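Can you make the complete structure from the sequences, with help from the hints?
For the sequence shown, numbering that gives the first Met the number 0 gives the first residue as 0, with consecutive numbering after it.
Fair warning: there could be bad hints in the mix.
[Unchecked claim] With a Cα cut of at most 27 Å, we get these calculated DSSO-like pairs of lysine-lysine:
1) Lys162 to Lys39
2) Lys71 to Lys114
3) Lys155 to Lys39
4) Lys232 to Lys155
5) Lys155 to Lys240
6) Lys73 to Lys155
7) Lys240 to Lys252
8) Lys240 to Lys185
9) Lys185 to Lys155
10) Lys155 to Lys67
11) Lys118 to Lys36
12) Lys36 to Lys114
13) Lys252 to Lys162
14) Lys254 to Lys240
15) Lys71 to Lys36
16) Lys67 to Lys36
17) Lys118 to Lys240
18) Lys73 to Lys118
19) Lys67 to Lys162
20) Lys114 to Lys67
21) Lys39 to Lys67
22) Lys155 to Lys254
23) Lys114 to Lys232
24) Lys67 to Lys118
25) Lys252 to Lys155
26) Lys254 to Lys185
27) Lys118 to Lys185
28) Lys36 to Lys254
29) Lys232 to Lys162
30) Lys39 to Lys240
31) Lys118 to Lys232
32) Lys114 to Lys185
33) Lys162 to Lys71
34) Lys155 to Lys118
35) Lys73 to Lys114
36) Lys36 to Lys252
37) Lys240 to Lys36
If you're looking for bench data, these hints aren't it; they were derived computationally from the structure. Predicted model only: the values in this text are computed from it and were never measured.
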Amino acid sequence: MLHTPWHLSSARFSLDTMASADPLDSALDLLRRLNPKDVKQNVDYLCQLAPALTEELLESVDIPLAVKQCLKTKRDFLCCDYNRDGDSWRSPWSNEFQPPLDDGEGIAPSDRIRKMEVKANEAFDVYRELYFEGGISSVYLWDMDDGFAGCVLLKKAVSPSPKSNGSWDSIHVFDAQDRARTAHYKLTSTVILSLGNEAENLGIMDLSGNMVRQVEQDMAVEDDGSHVANIGKMVEDMELKMRNLLQEVYFGKAKDVVGDLRSIPPLSETNRDRATQREMINSMAR
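Here you go:
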């Protein structure tokens, strides 16, 4: 039996009795206040508390990507709401749902879009190896009235020691609107990062969160291969920007905060070094 934690049990009142508020907004607001590392578990709990919100929550909340293995090709692929049909997920390698659907059918792209999907999976498999040196990638495309849309999924998880682990999940959702010799692309990228470490001189550290960025761009198109190249370039640029932002701003700020809260060397040595530094600066100024 799955037990609901007290902090989510208390949410039942908010979701069931706040008639003046949108239940979905209340659920999303609650998720923003909880530990991002436990977002998947918390979404499951909220779906139990408010089953009517299940579909909207799964569509609105980005959670760490699940991994399944294609039974036909024996290759791993990533699962998200964009390749899901009920309780089955479509493999980008075989284009088949797992487990098989009862009616034997599912939502699948047209032949033209499927050919692009195959090329995109091949291209991002190379990209994954170059930038991540491991991990898993999956690309899914679907038809739209004025073009097509899709998502690029990347996941890398490491555990260098029993007391340290980390995971990177990036979800890039885009749509491409065909125009005369060009296409208009709109890309929304989400990175979910989780880092955990435990050491005697540091204690237990849990750093996790997510970042969302969006960009729109018009690019030249000659054929369907141009779409794959354009999407690849946009995803590559966006991932580099988000990684640099995480490293320089968020990690840098976290390091400063941790340094102010807890010093690895004795504070007496740190204060003595700071006093020496101030004295040198004052003497140079004189």
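For Lys114 and Lys185, compute the direct alpha-carbon distance and say whether it is at most 27 Å. holds (21 Å)
Please work out if Lys254 and Lys240 have their alpha carbons no farther apart than 27 Å. The given pair, whose Cα atoms are some 20 Å apart, holds under the 27 Å limit.
Does Lys232 pair with Lys155 here, judged by a C-alpha cut-off of 27 Å? holds (20 Å)
Given the proposed pairing of Lys155 with Lys240, does the C-alpha separation stay at or below 27 Å? Answer holds: Lys155 to Lys240 is near 18 Å, not above 27 Å.
Holds or violated: are the alpha carbons of Lys252 and Lys162 at most 27 Å from each other? holds (23 Å)
For the pair we were handed, Lys240 and Lys185, check the Cα-Cα distance against 27 Å. holds (16 Å)
Hinted pair, alpha-carbon criterion (27 Å max): Lys67, Lys36. Please report holds or violated. Judged against 27 Å, a Cα distance of about 21 Å means the pair holds.
Taken at face value, is the distance from the CA of Lys118 to the CA of Lys73 at most 27 Å? holds (19 Å)
Starting from Lys118, check that the Cα of Lys185 is at most 27 Å away, please. holds (20 Å)
Do the alpha carbons of Lys252 and Lys155 lie within 27 Å of each other, as the hint requires? holds (24 Å)
Given the hint that Lys39 pairs with Lys240, test it: the Cα-Cα distance must not exceed 27 Å. holds (26 Å)
Take a quick look at whether Lys155 and Lys254 sit within 27 Å of each other, Cα to Cα. It holds: about 23 Å lies between the C-alpha atoms, which stays within 27 Å.
In this structure, the earlier hints numbered 11, 12, 15, 26, 29 and 33 are contradicted, and the remaining ones agree with it.
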